[in-house]
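There are 2 protein chains.
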Amino acid sequence: MIVKKYNEVERCVVTEEGAKNTSIRWLIGKDSPAPNFYLRQLELEPGGHTPYHSHPWEHEIFVLEGIGSLNTKSETNPLEKGMFALVMPGEEHQFENTSVTTFKFLCLIPIPKAKT
Amino acid sequence: MIVKKYNEVERCVVTEEGAKNTSIRWLIGKDSPAPNFYLRQLELEPGGHTPYHSHPWEHEIFVLEGIGSLNTKSETNPLEKGMFALVMPGEEHQFENTSVTTFKFLCLIPIPKAKT
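From first to last, the protein sequence lines stand for chains U and G. If you're matching positions, the first sequence starts at 3 in our numbering and goes up one per residue. If you're matching positions, the second sequence starts at 3 in our numbering and goes up one per residue.
Okay, chain U solo, but in the shape it has when bound (with noise of 0.2 angstroms):
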């Protein structure tokens, strides 16, 4: 059992190419004995932005704090605080913080599992 407040886990810059003013906590990561998906923290400065990407795993996600934005290459969906969002594996998004304020959201991604 892992019992831990957010501040307590180091905060990474994500140096990812098309990433501004973005940062990472590993709340529940590769240190932890998690079996099934891991529980990161992510926070957007004014102005950030994740890739504008696509990846073989989803993301499930919820809103902290902030005020941001869901983009695909059609749709820019607003997010906000109790705010979630599902992102299936091979969709193209990006998340962007869209206002003056820290965007903050958990993350949660599968644990990749070994080739059998």
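Don't read these hints as lab results, they were simulated from the structure. Heads up, a few of these hints could be off.
Since the list gives no way to pick one copy over another, a pair counts as held whenever it fits inside one copy or between any two copies.
[Unchecked claim] Lysine-lysine pairs mimicking DSS-like chemistry, simulated, CA-CA at most 25 angstroms apart:
(1) Lys7 <-> Lys75
(2) Lys75 <-> Lys6
(3) Lys106 <-> Lys6
(4) Lys7 <-> Lys32
(5) Lys83 <-> Lys32
(6) Lys83 <-> Lys7
(7) Lys83 <-> Lys6
(8) Lys115 <-> Lys32
(9) Lys22 <-> Lys83
(10) Lys106 <-> Lys83
(11) Lys32 <-> Lys6
(12) Lys106 <-> Lys22
(13) Lys75 <-> Lys106
(14) Lys75 <-> Lys22
(15) Lys106 <-> Lys7
Source: prediction; values computed, not measured.
Model the placement of chain G on the given structure of chain U, informed by the hints.
Just chain G, lined up with the frame of chain U:
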């Protein structure tokens, strides 16, 4: 892709034995195409608690609002906004509202896989 607010999802009273003043919203549940895990929001009113039990799957939780605790046989772990926990498969546990306001947290579980 699904984008919604938590209160667009029905709140259901938890009728399981040992639960009191507890309700749940299956934000991303069986009616979604989620491939690996479900996102639920638990709401415990004052005096509320979940059953004291264990099961063969993990919980990953994140506290949104209120004050409560994660109880085991030997420990009472205080919980407040911004705290998170990993309860491993088989670990006995109970969530309890220890305050006079609603205690809200996200609780994620893996999707049971069909036996092959």
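Results of checking the hints against the structure:
no. : hint             : in the structure
1   : Lys7 <-> Lys75   : between (36 angstroms within a copy, 22 angstroms between copies)
2   : Lys75 <-> Lys6   : between (38 angstroms within a copy, 19 angstroms between copies)
3   : Lys106 <-> Lys6  : both (18 angstroms within a copy, 16 angstroms between copies)
4   : Lys7 <-> Lys32   : within (17 angstroms within a copy, 30 angstroms between copies)
5   : Lys83 <-> Lys32  : between (27 angstroms within a copy, 23 angstroms between copies)
6   : Lys83 <-> Lys7   : both (19 angstroms within a copy, 8 angstroms between copies)
7   : Lys83 <-> Lys6   : both (22 angstroms within a copy, 11 angstroms between copies)
8   : Lys115 <-> Lys32 : both (13 angstroms within a copy, 22 angstroms between copies)
9   : Lys22 <-> Lys83  : within (21 angstroms within a copy, 27 angstroms between copies)
10  : Lys106 <-> Lys83 : both (9 angstroms within a copy, 14 angstroms between copies)
11  : Lys32 <-> Lys6   : within (16 angstroms within a copy, 29 angstroms between copies)
12  : Lys106 <-> Lys22 : within (14 angstroms within a copy, 31 angstroms between copies)
13  : Lys75 <-> Lys106 : within (23 angstroms within a copy, 34 angstroms between copies)
14  : Lys75 <-> Lys22  : within (19 angstroms within a copy, 45 angstroms between copies)
15  : Lys106 <-> Lys7  : both (15 angstroms within a copy, 15 angstroms between copies)
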